[in-house]
Amino acid sequence: MPESERDLKLPLFADADETVQAIHQGDIDAVVVMRALEGPQVILLHGAEEPYRVLVERMSDGALTAGPDGVILYVNDRLCEQTGYPAAELVGHRLASLFDGEAPRLVPEVTAEAGLLRNGKDAMPVAVWSRPITIGNTTATLVRLTDLSIHRRAEQIAAAERFARSVLEQATEAVVVLSPEGHITHASWRAEQVAETPPVGRAFSEAFPVEASSTEEAGMLARFSAESLNTMLATKPFHGVEVKLRGKRNANSTFLLSAGPLVDENKANVGSIVTLTDMTERKRAEEQQTLLVAELNHRVKNILAIVQSVAGQTLRSSTSVENFADAFSGRLKALAVAHDILTQTRWIGIGLSELLIAVLAPYRSADETRVSVCGPAILLPARAVVPLSMALHELTTNAAKYGALSTPRGKIEITWQVSGGDDKSVELVWRELGGPRVEVGESGGFGTKLIDRVVSHDLDGKTEIDCDPAGVRWTIVFPVNGFARGGAEASDAATV
Amino acid sequence: MTEHDGYSLRLYVAGQTPKSIAAVANLKKICEQHLPGHYDIEIIDLMKDPALAIRHQIVAIPTLIRQLPEPLKRIIGDLSNTEKVLVGLDIRPN
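Chains A and B supply the protein sequences, listed in that same order.
Letter by letter, the first sequence follows residues 0 to 495 in numbering that gives the first Met the number 0.
Letter by letter, the second sequence follows residues 0 to 93 in numbering that gives the first Met the number 0.
There's no promise every hint is true.
Here chain B is said to cover these stretches of chain A; the calculated rule only asks that three of the stretch's residues, wherever they fall, bring their Cβ under 8 Å from a Cβ of chain B [unchecked claim]:
#	stretch
1	25-31
2	66-80
3	84-90
Hint data in this document are derived by calculation from the structure and do not stem from the laboratory.
Ideal placement from N, C-alpha and C gives every residue a C-beta, glycine not left out.
Assemble the whole structure, with the sequences as input and the hints as a guide.
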């Protein structure tokens, strides 16, 4: 046989022997077998799979094995991705050639930072970690390269997440963050209070079952089913709709529902922030204000009616314009005083003796015994203040014109009694003394008519006039659904 | 390195089995020491492309093939026995 042929043939024969021997001796750890359909296939022999190998293959980090001289022996797929080179172009090169600038010093189990070259030019920040490994008789180094740009991004995300959480924790309103599908991912403390069950993880409509608080809003909300409400809140801005929440906890509360979508740097929707602002107090204040305005309106109309009536009747009984001016302005002033009193007591009412003192104050003089006031403490309700003030004004005006207050010796004694249990009534007596002789006719006219009308109409009471020659005596009886201040026995003797 | 006196070596491995890794390391060591500047090594990973085994009828892994200089030489195993490798490749020790 020619030598060349022998060379060709012998190795095959020899190889067969050698292969068997090699397997026997454990020199190899894999074989190639020919499969009829699939072709050649590598079969690893038992024990060939080291745990580290699996680890390295499956790692999401780039990994390589380097020999003692720094030559790359093996690279995993991820490292190929990271460097942009196929394995064949990396194996056999020195480890240092992978890096931008100085290669990192490999200290076992210590992580260093370095710049890994991508495609030979751009440097990508990586963390380099290494560990010696023994393979057979060789000591190699396993090097792991972690993409720091991803790590950095993860850190930024984690920091942003911590910030968002702390903002949420400080929120005094019910605030929740929704995923794009409308599920709650974060909730503020107040939101957890408002929701009847822990809200995180639930669909928004489940944790916060909203319904419209009025019929106008109902139209808008009714268009959304629970599911579409969730996605709508997660993706579209939604401004201030008044809602109520079903369930016992929030039965008496009204909320303002608002939503604002969140987008990432690519303007893609990543969820939304939804707030439920408790408007219950605000609504209550609004309602109260509406009531107050209506009440105010009512009272103003009342006063105007009184003024109109007073003006009309004063006009009819005035003999001249000056008379009218005097009489009218006097009565208006009495009205004003009465309202001042009401305002100061915030329309609660005033004690009878305080009212008398206030109305009769203009007649205070050096002689303080001129007008005396005596009777038990009794709180007049607000509705009695104006009519009684006007009646007193008339009595006083008459007294000043024709009666006890028209002479220096004249005196007025005002006394009253309170009788009755739950249906209290006041019997007030106005007694004039030391004045000029009185005739009924003289003290008639509008003043008397006004007193009569005011007492019967506005005070629900009765008047009686007794024209005693010594001085006129008026008795006014009227009911008060009030209460005695400080005990019915206390008598107020005040001298004005 | 000239074509006349250079060694062209091809090492067939199977991914990162221990003997594959050892073979690579050992081969490089031997070449650096005994054939400095006169060799080139090609690593063929049969895990990635088993069909490449057909050319040189590779059955056992790792297997080293000396393509140049001719004639073809073959060594099976992880090449940890340096002397055996030198003899097998017909390399004069340095």
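Quick rundown of the hints versus the structure:
Check result for the stretch 25-31 of chain A against chain B: holds, 6 residues qualifying (beta carbon to beta carbon below 8 Å, three or more required). Here's how the stretch 66-80 of chain A fares: 6 of its residues keep a CB closer than 8 Å to some CB of chain B, so the rule of at least three is met and the hint holds. Note: the stretch 84-90 of chain A has 3 residues with beta-carbon separation from chain B under 8 Å; the three-residue rule is met and the coverage holds.
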